[in-house]
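Chains G and A are the protein sequences, given in the same order.
Position one of the first sequence corresponds to residue 1 (this note's numbering), numbered consecutively onward.
Position one of the second sequence corresponds to residue 1 (this note's numbering), numbered consecutively onward.
Don't take each hint at face value.
Claimed, not checked - Just so you have them, the derived chain A footprint on chain G, three or more residues with Cβ under 8 angstroms: (1) 18-26; (2) 45-51; (3) 61-68.
As the list claims (entries may be wrong) - Lysine-lysine pairs mimicking DSSO-like chemistry, simulated, CA-CA at most 27 angstroms apart: (4) A:Lys4 to G:Lys64; (5) G:Lys75 to A:Lys59; (6) A:Lys59 to G:Lys53; (7) A:Lys75 to A:Lys4.
Simulated from the structure, these hints should not be mistaken for laboratory data.
All figures in this text were calculated on a predicted structure; none of them were measured in a lab.
Note that the Cβ used here is the ideal one computed from N, Cα and C, for glycine as well.
Number of protein chains: 2
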Amino acid sequence: MKFKVIVTYKPGILDPQGKTIHHSIEMLGYKEVKDVRSGKYFELEIEGNDKAKAELIIKDISAKLLANPNIQTFKIETDK
Amino acid sequence: MKFKVIVTYKPGILDPQGKTIHHSIEMLGYKEVKDVRSGKYFELEIEGNDKAKAELIIKDISAKLLANPNIQTFKIETDK
Chain G
1 MKFKVIVTYK PGILDPQGKT IHHSIEMLGY KEVKDVRSGK YFELEIEGND
51 KAKAELIIKD ISAKLLANPN IQTFKIETDK
Chain A
1 MKFKVIVTYK PGILDPQGKT IHHSIEMLGY KEVKDVRSGK YFELEIEGND
51 KAKAELIIKD ISAKLLANPN IQTFKIETDK
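Okay, chain G solo, but in the shape it has when bound:
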């Protein structure tokens, strides 16, 4: 089974990478872009057919390794 995990900053947390990219976009000449937020993306492949168990594993991994729960939030998506 394949899972996708998207990690983003919580609302209100400063996102310096997003700000830098936003500035570069303005330098490119695109004034239409109002906001840029950056995050991380992961694809995990899990052995077996127990989807509920796999989701528990992914949740634990996301909270312990992929995201910093103090400042980030994560979203898990199932692929196929």
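Start from chain G and add chain A according to the hints.
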């Protein structure tokens, strides 16, 4: 309008961050995880209602700033 851009390594391109996380997951005790690929995630907010024009802007920004076309590929998703 909100757009999401997901940047991942092309197949065959080494992903050291993914490998490191995979190793940490094994240290956590989860042997079920077979593969981890890492990528980047961006949310861009664009002014206006011309979706076709906004998509062209996002494509240009993705190819020039968000991804390195030599080793990465990007996917654009519309949000709402």
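Here is how each hint holds up against the structure:
1. With a threshold of 8 angstroms between beta carbons, the proposed coverage of the segment 18-26 of chain G by chain A holds, since 4 of its residues qualify and at least three are required.
2. With 4 residues carrying a beta carbon less than 8 angstroms from a beta carbon of chain A, the segment 45-51 of chain G meets the three-residue requirement, and the given coverage holds.
3. Counting residues of the segment 61-68 of chain G whose beta-carbon sits less than 8 angstroms from any beta-carbon of chain A gives 4, enough to reach three: the coverage restraint holds.
4. Restraint check for A:Lys4 and G:Lys64: the C-alpha separation of about 25 angstroms stays at or below 27 angstroms, so the hint holds.
5. For the given pair, G:Lys75 sits about 24 angstroms from A:Lys59 by alpha-carbon distance, which is consistent with the 27 angstroms threshold.
6. A distance of roughly 37 angstroms separates the Cα atoms of A:Lys59 and G:Lys53; the hinted pair therefore is violated under the 27 angstroms criterion.
7. Between A:Lys75 and A:Lys4, the direct Cα distance comes to roughly 8 angstroms. Compliance with the 27 angstroms bound is thereby established for this hinted pair.
Of the numbered hints listed earlier, the single one contradicted by the structure is hint 6.
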